[in-house]
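Asks: As a plain string of letters, each chain reads:
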Amino acid sequence: MLYLVAGIAFLITMALALARAFVGPTVFDRILAVNMFGTKAVLLVALIAFFSGRADLLDIALLYSLLNFIGVVAALRLVERGRFYASTDHPETPEEEQQR
Amino acid sequence: MSLLLNTVLLVFLLVTAFAVMRVKVLLAMVMLFGLYSLLVSSLFVVLDAPDVAFTEAAVGTGISTVLMLVTLAAVRHGHSAPIKPGKRALPLLLSLAMGSLVIFGIQDLPAFGDSQSPAYQQVAKHYIEKGVDETGVPNLVTAVLASYRGFDTLGEVTVVLTAGIGVLLLLGRREKVHLKARRNDE
Chain A
1 MLYLVAGIAF LITMALALAR AFVGPTVFDR ILAVNMFGTK AVLLVALIAF FSGRADLLDI
61 ALLYSLLNFI GVVAALRLVE RGRFYASTDH PETPEEEQQR
Chain B
1001 MSLLLNTVLL VFLLVTAFAV MRVKVLLAMV MLFGLYSLLV SSLFVVLDAP DVAFTEAAVG
1061 TGISTVLMLV TLAAVRHGHS APIKPGKRAL PLLLSLAMGS LVIFGIQDLP AFGDSQSPAY
1121 QQVAKHYIEK GVDETGVPNL VTAVLASYRG FDTLGEVTVV LTAGIGVLLL LGRREKVHLK
1181 ARRNDE
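Taken in order, these protein sequences are the chains called A and B.
Counted from 1, the first sequence has number 98 at position 98 by the working numbering; the numbering is strictly sequential.
To convert, take the position in the second sequence, counting from 1, and add 1000; that gives the working numbering.
It should be emphasised that the hints constitute simulated quantities derived from the structure, not laboratory data.
Hints may contain errors.
[As the list claims (entries may be wrong)] Cβ-Cβ distance ranges computed for the label pairs, FRET-style:
# : chain 1 : residue 1 : chain 2 : residue 2 : range
1 : A       : Phe50     : B       : Ile1165   : 42 to 52 Å
2 : A       : Ser52     : B       : Leu1014   : 20 to 30 Å
3 : A       : Leu2      : B       : Leu1047   : 16 to 26 Å
4 : B       : Glu1134   : A       : Ala19     : 49 to 59 Å
5 : A       : Phe50     : B       : Val1011   : 20 to 30 Å
6 : A       : Arg77     : B       : Tyr1120   : 29 to 39 Å
Virtual Cβ for every residue (Gly too), placed ideally from N, Cα, C.
Construct all of the structure, not just a fragment, from the sequences and the given hints.
Replies: Structure (structure tokens):
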């Protein structure tokens, strides 16, 4: 019962993070949403590990959290270096880039 | 519980796949792709396949997201493809036909967990019974990958190494690659 409640709570927060990733007006919103979704995936894997009594699944949760951190840092560094548009309502065309 | 998780994660997958198609900005698309493969790997964990989930998380969420971001940073001088309206019926028909072929092929598979299925009858039995004696490796998966299918693994490693060298050569260029964008109205 406790597991079920926790699982439903995780799924709801995952849905909220997904919604932010879809509508997010800026790229940073999306990156943050993906990061938060990764955290929720870690929690979900840990929940499944305790629910099914398999402690080896916790290694996967650890790997997820590592990857989550590295992925977000890489994405942010590339956004900073690659001069992407932070706002998503501009289409990325060469003309607009010249105007900037 | 597992059924609930499966259903909700599959719904999330479907929604994410549609969102990837609808999003116009490539960077957002890459982030959504990372999210998609994170979802797939969570689904693999729920389906009790932790090793596959490991690989999917490392390759899908980690490496391929970073690679796509690096590629986007390298070709930032324009990447709009001309799309002609009204040419969408053929791809849709083709993908529907391929999907129905796959579903048609599924019919022949043995039942889930069937101990009489060919996968458990032939070489797997030999590996389990004589693997430790023949190779001296205590882990069965390692024995199969590194000893029984050693040449296969060597070929895979060669392919991965070649691909890695190619990617490093492409990304290590001082000059960024400039792609000329073509507009629809020209």
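Asks: Are the hints correct? Go through all of them and say.
Replies: How the hints compare with the structure:
{"no.": "1", "hint": "A/Phe50 to B/Ile1165: 42 to 52 Å", "result": "43 Å, holds"}
{"no.": "2", "hint": "A/Ser52 to B/Leu1014: 20 to 30 Å", "result": "25 Å, holds"}
{"no.": "3", "hint": "A/Leu2 to B/Leu1047: 16 to 26 Å", "result": "23 Å, holds"}
{"no.": "4", "hint": "B/Glu1134 to A/Ala19: 49 to 59 Å", "result": "54 Å, holds"}
{"no.": "5", "hint": "A/Phe50 to B/Val1011: 20 to 30 Å", "result": "24 Å, holds"}
{"no.": "6", "hint": "A/Arg77 to B/Tyr1120: 29 to 39 Å", "result": "48 Å, violated"}
This entry does not satisfy hint 6, going by the numbered hints stated previously; all others are met.
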